[in-house]
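Quick note, the sequences are listed as chains D and L, same order.
Take the first sequence: its position 390, counted from the start at 1, is 390 in UniProt numbering, and no numbers get skipped.
Take the second sequence: its position 82, counted from the start at 1, is 82 in UniProt numbering, and no numbers get skipped.
Incorrect hints may have been included.
As the list claims (entries may be wrong) - Pair by pair, the computed Cβ-Cβ distance ranges are:
| hint | chain 1 | residue 1 | chain 2 | residue 2 | range |
| --- | --- | --- | --- | --- | --- |
| 1 | D | K371 | L | V98 | 34 to 44 angstroms |
| 2 | L | E66 | D | F25 | 17 to 27 angstroms |
| 3 | D | V22 | L | A52 | 30 to 40 angstroms |
| 4 | L | E66 | D | T454 | 30 to 40 angstroms |
| 5 | L | F91 | D | P489 | 24 to 34 angstroms |
| 6 | L | A64 | D | I370 | 52 to 62 angstroms |
| 7 | D | R207 | L | E31 | 34 to 44 angstroms |
| 8 | L | D106 | D | F25 | 31 to 41 angstroms |
| 9 | D | Q406 | L | A64 | 46 to 56 angstroms |
| 10 | D | R372 | L | N102 | 35 to 45 angstroms |
| 11 | D | R116 | L | R103 | 48 to 58 angstroms |
For the record, the hints were derived by calculation from the structure and aren't laboratory data.
Bear in mind that the values here come from a model prediction, so they are computed numbers and not experimental data.
Glycine included, every Cβ here is placed at the ideal spot set by N, Cα and C.
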Amino acid sequence: MDNSNPVVNIGIFAVFVAITLVVVFRVNRGPSSAAGFYTGDNAFTGRQNGVALAGDYLSAAAFLGITGAIALNGYDGFLYSIGFLVAWLVALLLVAELLRNTGRFTMADVLSFRMRQRPVRTAAALSTLAVTFFYLLAQMNGAGGLVALLLGVVDEVGQAVTVSVVGVVMIVYVLIGGMKGTTWVQIIKAVLLIATAFVMAVWILGRYGFNLSALLGDVVRLGGENGEAMLAPGKMYGATDVTRADFLSLGITLVLGTAGLPHVLMRFYTVPDAKEARRSVVWAIGLIGGFLLMTMVLGYGAAALVGSERILGAPGKANSAIPLLAAELGGPALLGLVAAVAFATILAVVAGLTITAAASFAHDIYLNVIKRNARDAGASQLTVARWAVVVIGLVSIAGGIVTNGQNVAFLVALAFAVAASANLPTLLYSLFWRRFTTTGALWSIYGGLATTMTLIVFSPVVSGSPTSIFPSADFAWFPLSNPGIISIPLSFLLGYLGTVLSAERPDAVKHAEMEVRALTGLGAEHATATKGSA
Amino acid sequence: MDIAEDTTESRPETGRQRPETSWQEIQRSSEFVELRRRQRGFAFPLTAFFLAWYLLYVLLADYAHEFMATKVVGNITLGLVLGLLQFVSTFLISAAYVWFANRRLDPVVDDIRQRVEV
Numbered sequence: 001m002d003n004s005n006p007v008v009n010i011g012i013f014a015v016f017v018a019i020t021l022v023v024v025f026r027v028n029r030g031p032s033s034a035a036g037f038y039t040g041d042n043a044f045t046g047r048q049n050g051v052a053l054a055g056d057y058l059s060a061a062a063f064l065g066i067t068g069a070i071a072l073n074g075y076d077g078f079l080y081s082i083g084f085l086v087a088w089l090v091a092l093l094l095v096a097e098l099l100r101n102t103g104r105f106t107m108a109d110v111l112s113f114r115m116r117q118r119p120v121r122t123a124a125a126l127s128t129l130a131v132t133f134f135y136l137l138a139q140m141n142g143a144g145g146l147v148a149l150l151l152g153v154v155d156e157v158g159q160a161v162t163v164s165v166v167g168v169v170m171i172v173y174v175l176i177g178g179m180k181g182t183t184w185v186q187i188i189k190a191v192l193l194i195a196t197a198f199v200m201a202v203w204i205l206g207r208y209g210f211n212l213s214a215l216l217g218d219v220v221r222l223g224g225e226n227g228e229a230m231l232a233p234g235k236m237y238g239a240t241d242v243t244r245a246d247f248l249s250l251g252i253t254l255v256l257g258t259a260g261l262p263h264v265l266m267r268f269y270t271v272p273d274a275k276e277a278r279r280s281v282v283w284a285i286g287l288i289g290g291f292l293l294m295t296m297v298l299g300y301g302a303a304a305l306v307g308s309e310r311i312l313g314a315p316g317k318a319n320s321a322i323p324l325l326a327a328e329l330g331g332p333a334l335l336g337l338v339a340a341v342a343f344a345t346i347l348a349v350v351a352g353l354t355i356t357a358a359a360s361f362a363h364d365i366y367l368n369v370i371k372r373n374a375r376d377a378g379a380s381q382l383t384v385a386r387w388a389v390v391v392i393g394l395v396s397i398a399g400g401i402v403t404n405g406q407n408v409a410f411l412v413a414l415a416f417a418v419a420a421s422a423n424l425p426t427l428l429y430s431l432f433w434r435r436f437t438t439t440g441a442l443w444s445i446y447g448g449l450a451t452t453m454t455l456i457v458f459s460p461v462v463s464g465s466p467t468s469i470f471p472s473a474d475f476a477w478f479p480l481s482n483p484g485i486i487s488i489p490l491s492f493l494l495g496y497l498g499t500v501l502s503a504e505r506p507d508a509v510k511h512a513e514m515e516v517r518a519l520t521g522l523g524a525e526h527a528t529a530t531k532g533s534a
Numbered sequence: 001m002d003i004a005e006d007t008t009e010s011r012p013e014t015g016r017q018r019p020e021t022s023w024q025e026i027q028r029s030s031e032f033v034e035l036r037r038r039q040r041g042f043a044f045p046l047t048a049f050f051l052a053w054y055l056l057y058v059l060l061a062d063y064a065h066e067f068m069a070t071k072v073v074g075n076i077t078l079g080l081v082l083g084l085l086q087f088v089s090t091f092l093i094s095a096a097y098v099w100f101a102n103r104r105l106d107p108v109v110d111d112i113r114q115r116v117e118v
């Protein structure tokens with residue numbers, strides 16, 4: 001990219017890595033207990049966790065992808081933002097506090113609470129691993145693309161090296177800092193990301209005398225004959241009945257997926273009680289909402305000040321909207337900052353995903369399923385978790401390198417689809433439906449997971465269209481790229497049928513314990529370290 | 001605070017007020033029934049409302065392009081206004097829930113916990 005100075009870009013990113021590493025080493029010289037490693041001893045405040053939730057949630061896809069989509073497709077790009085934000089109300093009203101009160105470390109803690117432990121934990125852990133793996137792969141793949149775009153590294157070896165560096169730094173964060181260190185990385189990154197977006201948004205609006213209508217007027221003028229279409233929906237999803245149905249499906253998936261994302265759910269265990277969990281979500285909603293409003297200004301700003309022709313002509317296409325805009329506004333220095341923030345974002349998100357996957361493997365599969373929660377396995381759980389971090393980190397580095405250059409943007413939507421189909425129905429039934437049983441839980445988890453995966457494999461994402469993974473093959477019979485509109489209702493139905501059709505009776509005593517704990521916090525895991533200690 | 005295992009057999013004795021302790025006893029208590037009623041009575045209708053309002057918005061954006069392209073002020077379209085209203089409603093619902101939970105749920109939770117944890 002013209003105007004780009006790789007040395008500046010790498011330099012600013014290196015400063016971020018150096019600062020976060022110092023923080024990670026300082027906050028925690030090797031957490032020695034499972035609670036310390038998985039939850040940072042529940043010692044974060046609601047506000048800190050809210051900022052970290054925003055850090056976990058606002059991936060590079062949100063920063064570069066959504067703004068790029070707005071810059072190119074106008075209003076249709078903005079539609080993502082709305083589902084992305086409204087989704088947090090599900091977490092606030094139905095999930096966060098009850099989950100905090102009933103679980104300790106993982107999503108499976110809650111799903112298996114009143115069910116038969118081993119089958120439900122296994123299912124919940126598999127679903128957790130599936131969601132985190134898809135999400136991780138999307139992030140690491142994005143890192144490869146960003147290297148080309150922002151650092152000017154175009155040869156494959158150079159990109160592979162950069163992806164490996166990102167992966168290794170992430171492994172160090174998680175191994176050394178555990179959840180405490182990871183949370184601080186999220187917090188630092190969230191502040192950096194939101195502050196950068198804020199400065200740029202104010203800068204753009206300032207150019208137009210803080211008049212949004214004037215900015216949109218420039219968008220229309222620069223857009224030529226398509227200009228007016230930028231201000232209303234339909235440019236991207238309005239083409240045919242299939243694209244419209246696809247958008248409806250995506251909208252439903254986004255709004256129901258967030259509260260089923262395991263790495264978001266796990267963050268609620270980092271605070272001492274339900275009230276702080278509530279505060280976390282409110283902070284997250286404020287920060288994420290504010291950020292998404294700024295991305296609207298940034299996206300339209302890129303359309304007005306850079307223009308779609310130059311964006312489409314740049315190496316990363318839509319993803320280059322923000323870097324080009326930064327260069328336009330503030331030259332190489334601001335571009336360097338944006339590039340560094342984009343890498344920091346990837347780094348922080350993969351760290352959050354990795355600790356979630358490692359916790360689920362060590363706590364759910366190793367400790368509770370394989371070792372059947374034996375007393376002597378408690379200590380080895382932490383070793384297993386650390387090894388899981390290393391393995392997951394290496395797998396994601398390999399995944400990022402292997403898929404480099406391929407378009408795997410659908411993986412984020414897929415992660416949301418699995419979260420909304422397999423996790424959320426089971427979570428809501430467990431928390432609110434007295435009759436729900438083990439059979440119902442297994443049907444909704446495996447049913448949601450299997451339906452989502454099957455529909456994706458036989459969708460245009462994988463074959464049958466020029467943009468498919470296998471463009472030359474055609475075994476697609478499902479027309480939509482987003483399976484949520486089918487898989488989510490089906491999973492709710494399966495959870496219901498599995499429950500009413502089996503002879504199994506719900507465990508009334510466990511149900512009483514779960515319900516009382518969920519609503520009152522009695523018997524909940526509490527802060528073991530002093531509150532707010534870093 | 002392990003109230004589950006060690007106290008399940010302690011039933012209220014005649015003539016002496018002892019804290020009810022087993023999970024099922026708490027679950028049956030009128031205070032807890034009221035807490036659950038309040039929590040669900042607030043969260044469920046509000047969830048139905050915001051999901052319906054979001055779905056309406058998505059359907060309008062999906063199938064009523066002309067309507068959403070209507071200019072309200074200058075270059076600000078109706079679609080933009082409705083989209084921004086989704087942000088506003090999300091912020092308002094969050095604030096309303098916190099207000100409700102602090103005033104109507106937390107005190108009941110405190111009462112139940114105090115009664116149990118004596």
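Consistency of the hints with the structure:
1. A beta carbon spacing of about 41 angstroms between K371/D and V98/L agrees with the range 34 to 44 angstroms that was offered as a hint.
2. Separation of E66/L from F25/D is about 58 angstroms and departs from the stated range, judged on CB atoms against 17 to 27 angstroms.
3. A C-beta distance of roughly 49 angstroms is found between V22/D and A52/L, which places it outside the suggested range of 30 to 40 angstroms.
4. Checking the proposed 30 to 40 angstroms range against E66/L and T454/D shows it holds: the Cβ atoms sit about 37 angstroms from each other.
5. Our hint of 24 to 34 angstroms for F91/L and P489/D holds, since their Cβ atoms are close to 29 angstroms apart.
6. Range check, A64/L to I370/D: about 54 angstroms between beta-carbon atoms, so the 52 to 62 angstroms window is met.
7. At about 59 angstroms, the beta-carbon gap between R207/D and E31/L misses the expected band of 34 to 44 angstroms.
8. As the Cβ distance of D106/L to F25/D is approximately 38 angstroms, the hint placing it in 31 to 41 angstroms holds.
9. Checking the proposed 46 to 56 angstroms range against Q406/D and A64/L shows it is violated: the Cβ atoms sit about 36 angstroms from each other.
10. Evaluation of the 35 to 45 angstroms hint for R372/D and N102/L yields a pass: the beta carbon distance comes to about 42 angstroms.
11. Taking the beta carbon of each, R116/D and R103/L are about 39 angstroms apart, not inside 48 to 58 angstroms as hinted.
Taken one by one, the earlier hints fail for this structure at numbers 2, 3, 7, 9 and 11, listed in ascending order.
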